[in-house]
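Just need the whole structure built from these sequences, with the hints factored in.
Chain by chain, the residues run as shown.
2 protein chains.
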Amino acid sequence: NLIEGAHDAWSGWLCVLLVGLCTGMVAGGIDIGASWMTDLKFGICPQAFWLNREQCCWSSNETSFDSGNCSQWLTWPEVLGQSRDGAGAYIISYLFYIVLALLFAALSASLVRMFAPYACGSGIPEIKTILSGFIIRGYLGKWTLVIKCVGLILSVSAGLSLGKEGPMVHIACAIGNILSYLFPKYGRNEAKKREILSASAAAGVSVAFGAPIGGVLFSLEEVSYYFPLKTLWRSFFCALIAAFILRSINPFGNEHSVLFYVEYNKPWIFFELIPFIGLGIIGGIIATIFIKANLYWCRYRKYSKLGQYPVTEVLVVTVMTAIIAYPNPYTRMNTSQLIYLLFSQCGISNSDNLCDYNRNFTDVNSAIEIAAAGPGVYKAIWLLILALILKLIMTIFTFGMKVPCGLFIPSLCLGAIVGRIVGIGMEQLAYNYPKNWLFSGECSTGDDCITPGLYAMVGAAAVLGGVTRMTVSLVVIMFELTGGVRYIVPLMAAAMASKWVGDALGRQGIYDAHIALNGYPFLDSKDEFQHTSLAADVMQPKRNETLSVITQDSMTVDDIEALLKETEHNGYPVVVSRESQYLVGFVLRRDLNLAIANAKRMADGICGQSIVLFTSGNPPQTLGPPPLKLKKILDMAPITITDQTPMETVVDMFRKLGLRQTLVTHNGRLLGVITKKDVLRHIKQMDNEDPNSVLFN
Amino acid sequence: NLIEGAHDAWSGWLCVLLVGLCTGMVAGGIDIGASWMTDLKFGICPQAFWLNREQCCWSSNETSFDSGNCSQWLTWPEVLGQSRDGAGAYIISYLFYIVLALLFAALSASLVRMFAPYACGSGIPEIKTILSGFIIRGYLGKWTLVIKCVGLILSVSAGLSLGKEGPMVHIACAIGNILSYLFPKYGRNEAKKREILSASAAAGVSVAFGAPIGGVLFSLEEVSYYFPLKTLWRSFFCALIAAFILRSINPFGNEHSVLFYVEYNKPWIFFELIPFIGLGIIGGIIATIFIKANLYWCRYRKYSKLGQYPVTEVLVVTVMTAIIAYPNPYTRMNTSQLIYLLFSQCGISNSDNLCDYNRNFTDVNSAIEIAAAGPGVYKAIWLLILALILKLIMTIFTFGMKVPCGLFIPSLCLGAIVGRIVGIGMEQLAYNYPKNWLFSGECSTGDDCITPGLYAMVGAAAVLGGVTRMTVSLVVIMFELTGGVRYIVPLMAAAMASKWVGDALGRQGIYDAHIALNGYPFLDSKDEFQHTSLAADVMQPKRNETLSVITQDSMTVDDIEALLKETEHNGYPVVVSRESQYLVGFVLRRDLNLAIANAKRMADGICGQSIVLFTSGNPPQTLGPPPLKLKKILDMAPITITDQTPMETVVDMFRKLGLRQTLVTHNGRLLGVITKKDVLRHIKQMDNEDPNSVLFN
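These protein sequences, in sequence, are chains Z and U.
FYI, in the numbering used here the residues of the first sequence are 74 to 770.
FYI, in the numbering used here the residues of the second sequence are 74 to 770.
No wet-lab data here; the hints were simulated from the structure.
Mixed in with the good hints, there may be bad ones.
The list treats identical chains as one, so a pair stands whether inside a single copy or across any two.
[As the list claims (entries may be wrong)] Pairs of lysine-lysine, PhoX-like flavour, derived with a Cα cap of 25 Å:
(1) K303 to K750
(2) K750 to K729
(3) K215 to K638
(4) K265 to K729
In this text, all values refer to a predicted model and were calculated from it rather than measured experimentally.
Right, dumping it as structure tokens:
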């Protein structure tokens, strides 16, 4: 008994501990798998085929190698006996790239189609809906989990314009859901299970970005519908364990759990806020273009024949992406690597074109001086602009396809490209006009006072903020990537500008837009309900219709069965009598069906003419068959409101109390019922949208 | 009109911007003032008396000075023509220290007593209560603000064992309250104003610790009762602006806005988690001792004659503190400085006894080698143990006195002392047993693998966590002090251990304990209500009592005035008739009083025999004086529940919907009323506490 009590008290902690452990390990596996298979498109490590390029080169003793290539690592042309460079080698590499990308994508799409259709997409809109109280059976099941993990590795490796960060949230939630069944307290209670799911979502973001605090805030701000404070601590614990495990697995071979962790050594200058806010505005515009175009395409897919050929669609998009992406080195490389390159500072070890400045490094420790950009930088800028256009277009077509597919990385990448270009522009301005009063304070010493990498980071935050409408969690995630408190202000300025521009140009973020597109019954807890309608305007039945009620002591089993057949409501109010309509309680359709079936099966005299009693007394008439007493399935404490209650209050009650329906009374008499669906339809109607787009469950 | 609309939309942002600006500036002023007056106890800068010791010494050109003393800065013996050292000088310094401390403390206590009695204490329990919906008039007024700022500078300078961090929250909230009146949308609506207050609380912690993210989480977790997500972003903005302003003011002459910002350059080792968790347990025990002793003393003060002499009490405690504190250098110095010293690493520039190791520094950049502790370290440990005992005892007596007085700094200090001592012990273990398998991994290189400063920080977090029961916000605040993600795990382990030990030994944190002590009507949103009672058990009236109701169309003005005189309820249910008891609505006492007074004043035939009508129709009887129609003051949408509703649901509704009362019905008939006070009393009763300790407002 003592053990049971302790188990009950500790089960929540044990459960999130397990979720954290599993999430960290799964994320490590996905990172390692995706990195190996991405490199597989370029070549192989013959001594040990399970190593990716970087690990393969570790075992070699070559101290300096050109852009990560060493002699131990063989590119496909080399494997086929060709030389590493030259036209023939290029063509062979190109073909291998396209064929392998196609293979991976086909595998991913087929797995999803055959075994787990729910494994597609990012999963965040659905998780939001689930956490708001809606149940999608199988969405967090074990098949979805397995296929999502495998499919994610495959679709990332296929070089599609997508990321693995968003789906990590889905994966973590699936882990949380599966593990919660080990603990009856959580597995059997949907509300309690949602606490575990909130913590899991935090762990998902934590492993995606190596940002435990940001993960908790993401779960709090973006994913979780109602976040009880007592779960905050547990979520943080879960996120931290997951991050710690991932760091111990060390998938990237550095001490950080994300590929694009950076450190800057220059503070920003106050006037730089202007370009940062400018980046925010550009980010908001890019995000809006993306959302509108993506929604247009998804709607087209949904209502046209295209929706019937998901695998073909994936293959076509993959071929297009691979053909266009390969020639441009910035799109050929892994998107995470590109982001890391754009975020990073030009140091002594960075040999990319982007760092082709006219300067000589004398010492690793000496300050980097400001310098004129060389021809490599200009070439890089042109290639980056091409990459920007390609990524934007390909992401529009990719997000929403039937493969596991996240949006964080492509958004970050778009913003990072814009930001880096603006940053280089600012830097060259400062180099050419060092005497200008704007620059004279900080740049007069000859040091590089402008960090283009910081601009890339700010731009990345701006686009991601515009696309997802994240706010605090975005800033905290980006802050955890840099580890410097002083860059919070630029990040915040850009995120704010981007959100405002986004809100002005289009009302919804991508997740809310996809929720609306799919018609999930999601009652947004952030929108304010600003209309003056009353409960009486919204409730069912409307005028001239009758309300289906059950009386407490005058209906027979047959009457009730007829009522159940005629109507499809989830539950029925029970009243004193049909004339008075004084409310007694509420009974669920499911419970009624079960109770009647049971009673008939037990067959102790209950027949169609039996009176169904919801009171504790005896029926007024004593003749006839024995009554069926159903008081124990009656909910004696339904939430009621009066018909004069403003809808603002009603919406508030639905949100905060997580209601599915409420009963409307006037002077104690039952007038009608308002269900969650009625509320959602009413909100859509008030916002001049189609109320019939709300999904029926 | 357009301008008005824009003003309405932007007023929230403008308001938090102003709050952030003002909070940052006020905090800067308090920091500068407290630092100057603290140094004034030791001496003065004759050239410029408004400079504190550090600033005074900046103007001198002496490159090396002993422990912050330079020739420009004159100690009091020097001002009086004595030498700096020697017995006479010591006595003069001692006397000056005591006299000035007494003067400051007397001034602080008198100001509070005369002008703003609400300015005493930390203010966090009261802010929590206010944010839960209770109104304390004048608690956030301008006099409280001014006196709290001045009194805080004085009481910190008096050398009492208290901090200025907690009261910063109160100060920021007072600023938020005052500024909200500039914006009618916020000033006129208590619920909206609480959004501003939540943001202000975040700004308060942000300036106290230079931790904007920690501030928001503190406000979310600890202070705010119901934190709508849309205010999260605004709170973050407010906290960031405040931190930015404070950093621009630069009160400490470094680039950080807190005195005890530290950076460590060594990672922790996995087995160190054992001492960290040990520190957590010790911290929880110390915190429990502190809470129990402090509560005992506060209760004694409340119910004995001592409460009548607040100024005398302050003076006695000040004299005691000053006399005992001066001889020990660690208690003589400012508590923040002591914390900084305990947190910091022993580097080349640190000449304190604590860093008296047998090693030679060759280069600033070289790694610090592990070494045997010298005699200075052992002396420092003895002095620190004395300081620990003194601080613990003095803080028990100090917290709750009638001066502005925070608890963060003393708690941190207690923990830092314990932590540092444990850390030195671990370090010496590692030095003496370098071959032990525990240490052999990391310590084999001869570097200092154990950072005693990190132990101090972990210990500080443990005691603060045990005292306040903060969790996530505590870890994030400490993390923002170090800026290193990798120290989150030790901090979290200690905070968790401490909270669990604290929860096991005593149920409440210090703030909740003080809320209970003062009897504020605060319904904790974190506790789960685990009893099985029903609404029928809690509602008023009990059996054999009658419920005060108003009928909708049969009571006269005289009847209602008699009812208002006889009873003291804040509101009355309105029913169809006394026999049927069918509920129509709810009317507030205040509105009734006003409406009747108005009607009598207007005197269009309304007299004592007039029927009061809450319906829209006409009275049944048409003879007699004209009826008084009060339908417009009737709340037609009161929240109702049935008598069978579990109290768990009722408590949940009170919390989430912020109710003050709810009406209890059965089959549509009114049975009774449950007020917030009934709920609080019921919870106390269920927890076997005195239900009469709930304050009556």
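Against the structure, the hints come out as follows:
no.	hint	verdict
1	K303 to K750	between (30 Å within a copy, 24 Å between copies)
2	K750 to K729	both (16 Å within a copy, 22 Å between copies)
3	K215 to K638	neither (36 Å within a copy, 67 Å between copies)
4	K265 to K729	both (15 Å within a copy, 17 Å between copies)
The structure fails to meet hint 3 from the earlier list, while all remaining hints are met.
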